[in-house]
Structure formats: structure tokens, C-alpha cells
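Novice: Based on the sequences and whatever the hints tell you, model everything.
4 protein chains.
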Amino acid sequence: MKTECIVLNRERNVSLTAYLLDVGGEFRYVNKRPAVFVIPGGGYQFCSDREADPVAMAFLQAGYDAFVLRYSVGQNAKWPTPLADYEEAMQYILDRADEWHIYRDKIAVIGFSAGGHLAAACATMAEHRPAAAILGYPVIREDTTHECEKTAPGIVSHVNEKTCPCFLFASRTDDVVPIQNTIDMINALNAYQISFECHIYAYGPHGFSTADSSVQPAHTKMPARISDWVKDSICWLKDVMGDYSQDGLGDPVCKAKVTADSDAWLSLDCSIGRLFGNPEALRILAPVILEMRRKIKPFAPGMTFEDMMQTLGKMTLRNLLIERQIGVELFDELEKKLQAVPNI
Amino acid sequence: MKTECIVLNRERNVSLTAYLLDVGGEFRYVNKRPAVFVIPGGGYQFCSDREADPVAMAFLQAGYDAFVLRYSVGQNAKWPTPLADYEEAMQYILDRADEWHIYRDKIAVIGFSAGGHLAAACATMAEHRPAAAILGYPVIREDTTHECEKTAPGIVSHVNEKTCPCFLFASRTDDVVPIQNTIDMINALNAYQISFECHIYAYGPHGFSTADSSVQPAHTKMPARISDWVKDSICWLKDVMGDYSQDGLGDPVCKAKVTADSDAWLSLDCSIGRLFGNPEALRILAPVILEMRRKIKPFAPGMTFEDMMQTLGKMTLRNLLIERQIGVELFDELEKKLQAVPNI
Amino acid sequence: MKTECIVLNRERNVSLTAYLLDVGGEFRYVNKRPAVFVIPGGGYQFCSDREADPVAMAFLQAGYDAFVLRYSVGQNAKWPTPLADYEEAMQYILDRADEWHIYRDKIAVIGFSAGGHLAAACATMAEHRPAAAILGYPVIREDTTHECEKTAPGIVSHVNEKTCPCFLFASRTDDVVPIQNTIDMINALNAYQISFECHIYAYGPHGFSTADSSVQPAHTKMPARISDWVKDSICWLKDVMGDYSQDGLGDPVCKAKVTADSDAWLSLDCSIGRLFGNPEALRILAPVILEMRRKIKPFAPGMTFEDMMQTLGKMTLRNLLIERQIGVELFDELEKKLQAVPNI
Amino acid sequence: MKTECIVLNRERNVSLTAYLLDVGGEFRYVNKRPAVFVIPGGGYQFCSDREADPVAMAFLQAGYDAFVLRYSVGQNAKWPTPLADYEEAMQYILDRADEWHIYRDKIAVIGFSAGGHLAAACATMAEHRPAAAILGYPVIREDTTHECEKTAPGIVSHVNEKTCPCFLFASRTDDVVPIQNTIDMINALNAYQISFECHIYAYGPHGFSTADSSVQPAHTKMPARISDWVKDSICWLKDVMGDYSQDGLGDPVCKAKVTADSDAWLSLDCSIGRLFGNPEALRILAPVILEMRRKIKPFAPGMTFEDMMQTLGKMTLRNLLIERQIGVELFDELEKKLQAVPNI
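Protein chains in written order, with the numbering used here: chain A, 312 to 655; chain B, 312 to 655; chain C, 312 to 655; chain D, 312 to 655.
If you're looking for bench data, these hints aren't it; they were derived computationally from the structure.
Keep in mind that a hint or two might mislead.
You can't tell identical chains apart in this list, so a pair holds if it fits in one copy or across any two.
What the hints assert, rightly or not - Here are the simulated lysine-lysine pairs, PhoX-like style, with alpha carbons at most 25 Å apart: (1) K532 / K542; (2) K566 / K542; (3) K532 / K608; (4) K566 / K532; (5) K625 / K461; (6) K606 / K532; (7) K625 / K648; (8) K608 / K389; (9) K461 / K608; (10) K648 / K606; (11) K625 / K608; (12) K532 / K625; (13) K532 / K568; (14) K568 / K647.
Values in this document were obtained by computation on a predicted structure and should not be read as measured data.
Specialist: This is the structure we're talking about:
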């Protein structure tokens with residue numbers, strides 16, 4: 312492993328530490344690596360070492376390169392300076408992506424507390440969008456944000472259909488950053504059909520980081536399972552950015568959006584509701600709809616096929632057809648036709 | 312183990328199956344057992360076997376007695392009949408609690424989908440309140456509820472300070488019961504400071520039950536970690552109802568409410584904000600406040616002690632004093648005095 | 312679930328308890344189930360309830376039917392009476408396999424301590440051989456066996472090429488049944504190339520059963536991971552007996568023997584050493600050997616191809632050819648020819 | 312984290328890479344760290360990168376400093392050169408233990424395959440003995456050792472009462488280093504009452520390292536649980552070297568030896584057999600023996616107290632007295648007297 316510490320701004324004490332695992336050689340089928348970009352917390356007053364290296368190590372173990380950003384805090388935290396630090400650091404990485412053997416489009420951010428606010432800002436407002444964001448007991452709401460840094464914006468109103476997939480975790484009894492922050496975030500992600508995972512543990516203090524005994528005293532009142540976010544978020548990253556295979560990273564098994572309803576063109580991944588509301592789509596889908604009418608029995612007596620389709624309206628057509636084994640052999644043809652229809 | 316199947320209503324096909332583990336004998340320090348009350352789903356149209364025995368077995372393994380309720384569905388599901396079935400079944404259990412060696416106040420409900428709706432109704436509206444509720448991809452919102460059973464009420468507006476602790480889990484891509492149901496529930500629980508835990512997995516179908524390969528086909532598109540809710544909810548039950556010890560069940564390590572702010576009398580478990588807003592409490596707490604002023608340094612330059620207390624206002628005083636090692640020797644005395652002050 | 316308690320011998324107090332999960336209906340692709348046959352310990356003096364139902368529940372949860380045998384103990388334990396109890400019980404089950412929807416050839420035994428001795432006897436000496444055996448801190452050695460029951464035989468000398476796959480677990484500090492028992496057993500299994508898995512935990516008392524807090528006091532000095540044998544043995548059972556799939560139980564991924572060296576006829580699953588020592592096999596394999604000579608580089612300078620093959624002699628030819636991508640397209644043809652050659 | 316690469320011998324290409332985590336500051340109660348010393352495998356022909364950094368990262372995540380040794384291989388591997396490389400590297404570390412904030416007596420070795428041979432040699436023959444050894448699919452037997460390096464000794468005959476606690480893991484179907492190597496090692500450790508833990512997984516290839524998808528292809532035929540050795544060995548290290556607490560590392564919960572039978576003086580941690588065979592000990596223990604005679608009922612009719620004590624002879628007296636609640640208040644006094652008696 313190579314390590315580098317790059318000073319991005321000496322005055323504001325901004326730096327990027329790079330931990331770069333080897334590629335090639337015995338790592339036969341690893342020619343490039345995905346990466347995580349770690350943003351420690353500290354209420355925009357300092358950058359917590361407890362949420363820096365211990366986190367980087369967890370992802371290094373799983374084969375991800377890791378970067379730790381020390382960003383502008385205290386007097387220098389005036390918005391958007393911290394976000395600008397991120398942009399500069401990310402640009403620095405992207406400029407060296409080939410040399411460092413990093414997948415440009417497989418860099419996830421992970422931030423904690425106020426660092427979770429900054430990571431969420433990267434996910435929703437940055438020019439250089441990460442591929443995924445892991446948010447640990449993040450500051451999200453405007454009121455909590457202002458307790459840390461008065462000039463920084465709340466996150467919720469910036470969530471939209473371009474936000475990247477998010478993994479959130481927090482303690483329900485966090486008495487520094489109220490759990491309402493995490494709830495508001497998943498509520499917003501849901502509104503825009505963004506993929507997310509969320510683990511709220513019943514109790515535990517703010518700032519538990521990896522919850523390892525070298526970071527958080529072993530006698531802390533918190534459940535043993537609270538450290539599961541580490542392994543769970545690693546598995547999730549493989550789900551949303553792809554896992555190692557013999558031909559580089561494989562395809563993600565979990566898409567960034569739940570349906571394709573906000574895409575520019577129709578597809579089988581649009582919801583049934585969306586497709587059945589589009590006359591052109593209905594014409595294209597006529598052969599499978601015929602078969603659906605025959606095969607899909609209503610849940611309850613008195614229900615019509617149309618009632619059924621309304622009940623299942625949030626499901627993607629692809630999922631329904633696969634589940635019921637209908638028209639799978641027509642998928643390629645249907646998809647081609649649908650993708651020629653504007654989604655309006 | 313003894314098993315019994317009790318027919319509660321032959322016409323409506325309502326029954327209670329009891330799985331009762333042995334006590335005493337070699338189970339030296341187990342003279343009574345806590346229990347789970349399983350409520351399968353099925354859209355109020357049927358009771359799903361996939362969410363009945365497989366769930367009961369998981370909790371039997373962990374030393375809990377288990378009951379499975381088959382409640383009124385289909386034509387008979389008109390509200391509040393299913394809830395009345397629960398009340399009758401619970402009364403039946405309570406009447407036999409001594410004979411069956413069950414802790415009357417340590418019975419948790421666990422429900423799935425529409426059964427999660429019924430379990431949540433038990434937690435918020437029933438006469439016989441459970442000690443805890445585990446809600447699997449539950450129907451919560453009024454709109455989703457009405458898709459199952461038009462006469463049944465939404466849950467959210469019934470959550471209040473008497474609601475029991477809840478553990479929720481669901482798949483983010485559930486396309487039958489939208490994830491908004493789970494989000495709305497934790498939002499309501501948070502508003503009333505009710506203890507909860509919540510796991511939303513990134514993807515997976517509706518109705519995955521225990522996600523064991525004998526229940527949900529192994530090739531289903533869902534993450535391996537989705538089955539973790541089983542072990543996690545068992546650990547959580549021990550946290551909120553107490554774990555086995557040599558003198559019966561021990562004390563819960565996780566209280567039912569995050570603070571005592573809605574109790575009738577003040578205590579050290581009230582939030583700092585609540586206590587500092589009460590002149591009588593301020594007088595009682597004078598000695599520790601003096602020490603707090605000396606020991607608690609403001610986070611940032613320019614902050615006063617009062618600012619600090621506002622920032623920490625959601626923390627309970629007990630937690631803050633323990634964390635900072637202030638006045639712990641005075642706790643008994645202070646608690647006694649505070650508990651004489653009405654919380655108004 | 313149905314439960315039945317069958318008295319096999321009233322005088323000797325021998326009984327079989329059957330826990331039979333439902334099949335069909337909503338368990339769409341489960342028409343038959345594999346099963347576990349639980350044999351509790353107790354030094355052949357009694358049958359421990361702590362190693363009976365709690366174990367059955369663990370496997371019921373995973374979709375296995377479960378049987379608990381209470382066998383002849385104390386005055387009645389004279390060998391081979393306990394083994395005869397097993398045979399009778401197993402015969403009883405096999406007679407009802409259709410009615411009970413059980414796979415005749417997918418019944419595993421699981422025994423603890425002296426029950427582990429009996430389970431190991433089933434695996435090595437019984438007429439009705441189980442498909443797999445899980446042995447918890449088992450009594451294996453003759454000396455330890457005689458401390459329990461003077462007439463019972465040691466197990467080691469009965470292990471042979473017909474012994475079924477075994478999963479063993481124990482505590483290294485067990486001061487009732489010394490760990491040497493477990494070591495001697497895996498040593499014997501290895502000598503006959505029998506598949507096994509073995510977990511010896513660093514410390515913990517004898518008789519920890521599932522190590523659940525309802526069975527073994529939570530304050531017991533034992534590592535938290537000691538209970539992992541439960542989930543690990545369930546995964547292992549799926550490996551060696553097959554897991555649920557849409558067409559009944561799938562093929563095992565782990566074979567009962569490490570190589571086919573003791574089979575009656577040759578095959579690609581014989582070791583390289585075995586095959587290269589057989590002139591007929593060498594002739595059949597000539598085309599792949601030619602390619603092997605070209606493709607397999609010696610580990611060290613000075614090594615010949617023959618040295619290499621000796622070094623790799625314990626590997627099956629199939630594994631080597633797959634790893635090196637040699638002649639895979641010829642497998643069916645080679646296998647057919649090899650299986651016509653007696654393995655002498 | 313600081314990293315350093317120290318060239319120990321340029322000609323033989325021997326180097327030590329040091330990964331040193333921060334101490335103090337926010338790691339409030341971490342002023343020194345325990346460490347792991349990683350020894351990659353490669354048949355004494357090369358040093359495998361797959362068993363170097365990926366392993367170091369796993370332990371760094373858990374708060375251990377990590378060192379990776381690249382030792383003499385190929386032409387330079389003549390024994391005892393690789394062991395001498397270890398000694399030199401360890402001396403280098405010990406010389407800098409204060410500067411690097413490392414506990415001198417809390418350094419564990421971890422080696423794989425031939426590196427497992429070298430790690431086992433460190434544990435049994437080195438001048439600088441490690442506090443614990445983790446041995447991954449290690450080469451132990453003389454025959455297997457000689458296949459790697461003809462001049463290197465087998466390990467088994469070097470195990471004795473001074474060997475450190477060992478954690479072993481391997482695949483049962485390893486066809487490069489036969490599982491007999493692991494079995495022979497635990498057999499030897501047991502003979503000298505050395506503490507150990509051992510996990511043999513049912514199947515998987517040689518050289519699976521951490522089994523992470525970035526190290527071992529995800530489609531490899533091996534059980535998912537095979538990677539559990541990583542978390543299990545970390546928990547075990549905490550058990551045998553102590554875990555972080557507010558006053559530095561706490562006491563180990565698992566001692567290096569199962570009984571004190573090979574210590575120079577008697578103690579309550581000697582086995583009952585040992586103590587009851589020593590007349591002086593019998594006199595000292597008279598008061599508790601009296602109580603034992605009253606309280607300990609024989610297992611079976613016809614057994615005398617003496618029979619019972621023989622049956623329990625391998626148990627330490629301390630464990631028996633604690634279990635039966637006998638004479639615990641006399642422990643300090645008895646221990647003092649016993650420790651004045653030579654153990655001969």
C-alpha cells in the first residue's frame with residue numbers, strides 16, 4: 312500500500328490523505344479499484360480523528376482505496392468553503408485516477424455527523440457527484456445544521472432525482488444530532504425514488520464511529536449490533552457500485568433509482584402506473600397485457616383487472632412480468648420500442 | 312415443548328396456536344418465560360403461513376414462548392373485528408399466564424404487512440398493550456391500509472406517548488407496501504419520544520418473512536443481510552424486555568422512552584431543556600449546575616454556558632452528568648427531590 | 312407444525328418426539344423436508360433437556376423437521392441398547408417418511424457429549440446411516456466413553472470410508488470431555504478422506520448447548536462466537552445435504568468424500584497420485600497430460616513435471632484441470648473412460 | 312497512520328513494512344497499541360502479496376498496529392535464515408516500541424501456509440516469542456515442510472509448555488497443504504495444555520487469505536463462513552492479549568495454558584488430579600475437601616467421592632469450587648499456601 316498526504320490549503324489546514332492499495336501482480340484480476348472518500352465529523356469546529364483512519368481501514372480491508380479529507384473548520388467553515396474543499400480534493404483524485412488505478416465513477420463518500428452533512432451536500436449539490444454516499448448519524452436538517460455552522464444550508468430541499476444512492480445509520484437516542492435528521496433524509500430520498508438503506512439502532516451515543524473497542528470504549532451503553540453498519544455498508548457498496556469479478560467490477564445488483572419513472576424515455580423499469588397511463592405504451596404492451604389479463608387473478612372477489620393494476624401500480628412492469636413469468640421472451644423487443652417513447 | 316391450538320371463533324375461523332417451552336428442571340433459572348405473539352400478513356384477505364410458524368420457531372429458539380394468531384380476514388375483516396380477535400386471544404393468554412409460566416408484562420407482538428398493521432394497532436390502540444412490537448414491512452398509512460381493508464384506520468394518528476417500543480424492518484423497494492409506511496411510523500414514534508429500532512434494506516421483495524431458503528426462494532433478488540432482522544430483533548427484545556439472568560428476567564437496558572419529559576413528575580431522565588426551563592428544578596439542581604459551569608467548556612469561542620445548555624438541551628441530565636463525571640454521588644438525593652416536582 | 316410424542320419403550324423410558332413443519336400450500340416449492348435427529352447428552356445417565364428442544368427449535372427455524380430421541384440411560388444403557396433405540400426410532404421415521412413428507416436420505420443426526428458418542432456411533436456403526444452428523448463436544452475415545460458407560464465402545468476404530476460427513480464443535484477448555492476426543496475424531500475422518508468441518512472455541516464450559524441465554528447463563532465465561540456453531544452447522548447441512556430450490560432440495564455443493572480414491576472405479580475425482588499410478592488411467596489421460604506438460608510450470612527451478620505431479624498428488628485431477636483451464640471440454644469423455652477402469 | 316518500509320537485508324530482499332496507527336489525542340485512552348506481525352506465505356519460494364496488506368488492513372481496522380515481513384525465500388530460504396529475519400525484524404520493533412507506542416509483550420504473529428510454518432516456528436523456537444500466533448492453513452508436518460524447503464524443520468516436535476496460544480484455521484479440502492498439518496499442530500498443543508482455537512471449514516481452496524472478493528474471486532467454491540476467521544481471530548486476540556479499556560489493555564480473559572500443572576509451584580489453577588496427588592496439597596485443602604465431600608453428589612449410584620474426583624480430575628480446582636460455590640471466601644488464603652509448595 313502507498314500512502315500520500317496532500318496539503319490542499321495550508322492556511323485553512325485542508326489536506327487529503329490517500330491510502331492506495333496495490334493492483335495487478337498477484338491481485339490478478341484487480342487492475343483498478345473503487346474508492347471511498349472519508350469525511351470525518353466534528354461539528355464544523357474540528358475534524359475528528361476517530362472518524363478518519365479507523366473508517367479508512369475498514370474499507371481498505373474490503374479492497375477499496377481510501378481518502379481522508381481534512382476540510383475547513385472553525386473560523387474557516389463559512390459555507391461553501393468545506394464543499395469547495397471537497398470539490399478540489401475530488402478534482403485532485405480524478406486527475407490522478409489513471410496513475411492511481413481508481414475507477415473514476417466508483418468513488419463513494421462517507422461522512423459522520425457534520426461530516427455527514429458535508430457528504431450529503433456532495434451527494435446533492437456538488438459538481439463532482441459521488442457514486443454513493445454513506446451517512447453516519449448525519450446533520451441534515453436546517454436547524455441542526457445551523458447549530459454547527461450558521462452559513463451552511465439544510466440538505467433536505469436539495470435532494471432530487473439526481474441524488475446518488477445513500478446508506479444511513481444512526482442511534483435512535485443520539486442526543487447531539489436528533490434522529491429526526493436521518494428520518495427527514497430518507498423521507499426526501501423516498502420522494503425522489505432514490506435507492507437507500509437505513510439502519511437506526513435503538514440506543515447508543517452520538518459519534519460512535521466504527522464502535523470498535525479501540526475507538527469507542529467497550530463499556531459504552533450501546534448494542535453489540537451497532538457495529539454491523541460497517542460490514543453492511545461494505546456489502547451495500549458492492550450492491551450499488553458492483554463487486555470484484557474476473558473482468559473488473561461487475562454490474563451493480565441494486566440500481567440507483569427504484570423505478571425509471573423520472574427517466575427521459577419509457578422502459579420496462581417504469582412503474583405499471585406510469586406505463587398504463589401512457590396510450591403509446593399501452594399499444595406497445597398490448598401482447599403482454601393480453602397475457603396478464605389471463606394469468607393475473609385478482610386478490611379479492613369483485614376486483615377487476617384494472618383495480619389489480621392500480622393496486623400493483625407502484626411495481627415496475629419488469630418485476631411483475633418476471634414474477635408471473637409473462638412475456639419474458641419479448642423483453643428485448645418491448646424495451647426497444649418503449650425506449651423510443653418520451654416519458655412525459 | 313407443549314403445543315395447543317385454541318379455536319377462538321369457529322365461524323370466522325379465528326384461532327390461537329400456542330408453543331410453550333418447558334420451564335424449570337434443567338432450565339434451572341427459567342421459571343417463567345417472555346413470549347411473542349405472531350400476527351401473519353395477507354392483506355386482511357388471508358393469514359399467510361409463511362409468516363406464522365417460521366417466525367414462531369425463530370423466537371422459540373431464543374427461549375421465548377410463541378403464539379400465532381389466525382384472525383378474521385376477507386368478509387370478516389371489518390374493523391375492529393381483527394383487533395377484537397387480538398384482545399380475546401391476549402385475554403386468553405393472560406388468564407393462563409400462571410399455568411403457562413409466562414410473564415404477563417413481557418409479551419411482544421410481531422406482525423407482517425397487514426399483520427404489521429394489526430400489530431401496530433395493538434401497540435397504539437389496544438386495551439391489552441404488548442410490551443414491545445416488531446413490525447415487518449407494516450401497513451401503516453391510511454391509504455395503504457384502505458387498499459387492504461377499507462374500514463381499518465391508519466396508524467399514524469394513534470401513536471402517542473403510551474405506544475410501546477417498536478422494531479421496524481422493511482425493504483426499500485417493496486412495491487406492495489411502500490416504504491413510506493415505515494418512514495411515517497418512525498416519524499410518529501420519534502415525535503412522542505418512543506424508543507424504536509429500524510432497518511430498511513436496500514432491496515428485496517415484499518413479504519420476505521425470515522428470508523430463510525425454506526420460506527423465500529434462495530435465488531430471490533435480495534441482500535444476504537436482509538435476514539439479519541431476525542437475530543437483531545431478538546437482541547432488541549432482550550434490550551427492551553430484559554434478558555435471562557439467574558433471578559428471572561433482568562432489567563431492560565433500553566427504556567421505552569428516550570427521555571422522561573412526558574412523565575407526570577420530573578427526574579434526572581428529563582431532558583436538560585425541560586429541567587432548565589423549570590425554576591423549581593433549577594433550585595434543586597443548583598449544586599450540580601455550579602460544577603457544570605466549572606467543568607463544561609463551550610464547544611466554540613463566544614459560546615456561553617447557557618448557549619451550551621441549549622445545544623445539549625435534548626440530552627437527559629443523567630446522561631450528561633455521567634458522561635462528564637459530575638455529581639454522580641448526588642444522584643439519589645437529586646432524583647428524590649425532582650420526583651416531588653410536577654412536570655408541567 | 313404438528314408435534315407427536317411416540318413412546319418406543321415404556322420400561323426403558325425411550326421416546327421419540329417429532330416436530331413436523333407444514334409442507335405445500337404457501338410453502339410452494341417445499342413438498343418434502345430434510346430432517347435432524349437430535350440426541351441429547353447426559354453421560355448415559357440421563358437425557359439432558361437443555362440439549363433437546365432448544366436444539367430442535369434451531370433447526371426447525373431453518374426449515375428442517377426435527378426429532379428428539381430420549382434413549383436408554385442409567386441401568387438400561389448397556390451397549391448396544393442406546394444404539395438399538397436409535398435404529399428403532401429411525402425405522403419408525405423411515406416407515407412414515409412419505410406420510411410425514413420427509414426425505415429418507417436427508418436425515419442428519421446431532422448429538423451432544425454422550426449423545427455425541429451415540430450420534431458418532433450412528434455415523435460409523437448403525438444399520439440406518441444418517442446423511443450427516445453434527446457432533447457437539449462428543450465423547451469419542453474409549454477411555455472417555457468408559458467413564459460414561461463401561462460397555463460402550465470407543466468410536467475411533469469404527470471410522471472408515473463409509474462414515475458420513477461430520478461437523479464437530481467443542482470448547483478447548485472442556486474439563487469433562489477432553490478436547491482430545493474431538494481431535495481423535497477428525498484425525499480418523501481425515502485418514503479415510505471423509506468430509507468434515509470442525510470448530511474448537513478457545514474456552515467455555517462443557518455442555519454449553521446452543522449457548523443461548525435461556526440455556527446457558529449469560530454470565531458464563533465463554534466467547535460470544537461460541538454460539539456460531541448453530542448458524543454454521545445449518546449452512547454446512549445445506550452444503551452436504553443440499554439447499555431448498557424450486558425443484559426440491561438441490562445438489563450438495565460439498566461431497567461426502569474429499570477424493571474418489573476409495574471408490575470402486577476410477578474417475579476425475581480421484582487424486583492425481585492415484586490416477587498417475589495406474590497405467591490404464593495414464594493411457595486414457597494422455598491428451599490432457601500432454602497439455603499439462605506444456606502449461607504447468609514447476610514451482611521451483613530444477614523441478615521436473617513428475618516432481619510437480621508428486622507435489623500436487625493429493626489434489627483431484629478435476630480440480631487441477633479446472634484451475635488451470637486444461638481439457639475441460641474433454642471431461643465427459645474422459646470420465647466415461649475412467650469409470651470403466653477398476654480402482655485397484 | 313504512519314507507514315514505514317524498512318529494508319532489513321537488501322541482498323536477500325528482506326523488508327519490514329510498518330503500519331502505525333495514531334495514539335493519544337482523540338484516541339483518549341489509547342496510549343499504546345498491541346500489534347500483529349504478518350508473515351505471508353508462498354512455499355518459501357516467494358512472499359504472497361495476497362497474504363500481506365489485506366491481512367494487515369483487517370487488524371489495523373481493529374486497532375492493532377501491523378507489520379508485514381518479507382523474508383528470505385527461494386535460494387535464500389535455507390533454514391534458519393527466514394527465522395533469523397523474523398528475529399531481526401522483531402528486535403527492530405522492540406527497539407522502537409516506546410517511540411512507536413507499542414506494547415512489547417502484546418505482539419502476535421500471523422502467518423499463512425509456509426508463512427504459517429514460519430509463524431509456528433516463531434511460536435515454538437524463536438528467541439523473541441510472540442504473545443500469540445494465528446496460523447492460516449499452516450505447513451506444520453516435516454513432510455509438508457520439506458516439500459517447501461528441504462532444510463526447514465517440522466514444527467510438531469518443537470511444541471512444548473512454553474509455546475504461545477495459537478489460533479488455527481484451514482480448509483478441510485486444502486489440496487496443497489493437507490489438513491493433517493493443522494490436526495497435528497492442535498494435537499501437539501493439547502498435549503502441552505496450550506490454549507488454542509481452531510476452525511476447519513468443510514471446503515475451499517488453499518491460500519484463500521481473508522476470502523474477501525478483492526483477494527479471492529467471488530465465484531470460488533468455498534462457504535461464505537470461511538471469512539469468519541478474520542473477525543473470530545480478532546476477538547480471540549482480545550481474549551488472549553486483553554482488550555482496550557480506560558486503563559490501557561485489560562487482562563486477558565483466556566489464559567495461555569489450560570491448567571497450571573506445568574508451573575513451578577502449585578495453585579488453585581492446577582488440575583484436581585494434580586492437587587489430589589500431592590500430600591502437602593491435600594493437607595492445605597482439607598477444609599474445602601470436607602465441604603466437597605458433603606456437597607458433591609456422585610453422578611451414578613455406587614460411585615465414591617474418590618471416583619468422582621478421578622472423573623473430574625482434569626478440571627482445575629478453582630473451576631470446580633466456583634461452579635459448586637464451595638470455599639470461595641478461602642481462595643486467597645489457599646492460593647498463598649499452595650504457591651509455597653513445589654509442583655513436583
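Novice: Each hint: holds or not?
Specialist: Comparing the hints with the structure gives:
1. K532 / K542: both (21 Å within a copy, 19 Å between copies)
2. K566 / K542: within (20 Å within a copy, 27 Å between copies)
3. K532 / K608: between (51 Å within a copy, 24 Å between copies)
4. K566 / K532: Answer is between; shortest inter-copy Cα gap is 12 Å, intra-copy 36 Å.
5. K625 / K461: between (40 Å within a copy, 19 Å between copies)
6. K606 / K532: Classified as between: cross-chain Cα gap 23 Å, same-chain 54 Å, threshold 25 Å.
7. K625 / K648: Within one copy, since 21 Å is at most 25 Å while 56 Å is not.
8. K608 / K389: between (60 Å within a copy, 23 Å between copies)
9. K461 / K608: Classified as between: cross-chain Cα gap 20 Å, same-chain 57 Å, threshold 25 Å.
10. K648 / K606: Classified as within: same-chain Cα gap 24 Å, cross-chain 49 Å, threshold 25 Å.
11. K625 / K608: within (18 Å within a copy, 52 Å between copies)
12. K532 / K625: Cα proximity of K532 and K625: across copies only (18 Å, versus 41 Å in one copy).
13. K532 / K568: between (36 Å within a copy, 16 Å between copies)
14. K568 / K647: Cα proximity of K568 and K647: one copy only (20 Å, versus 51 Å across).
Consistency note: the structure conflicts with none of the earlier hints.
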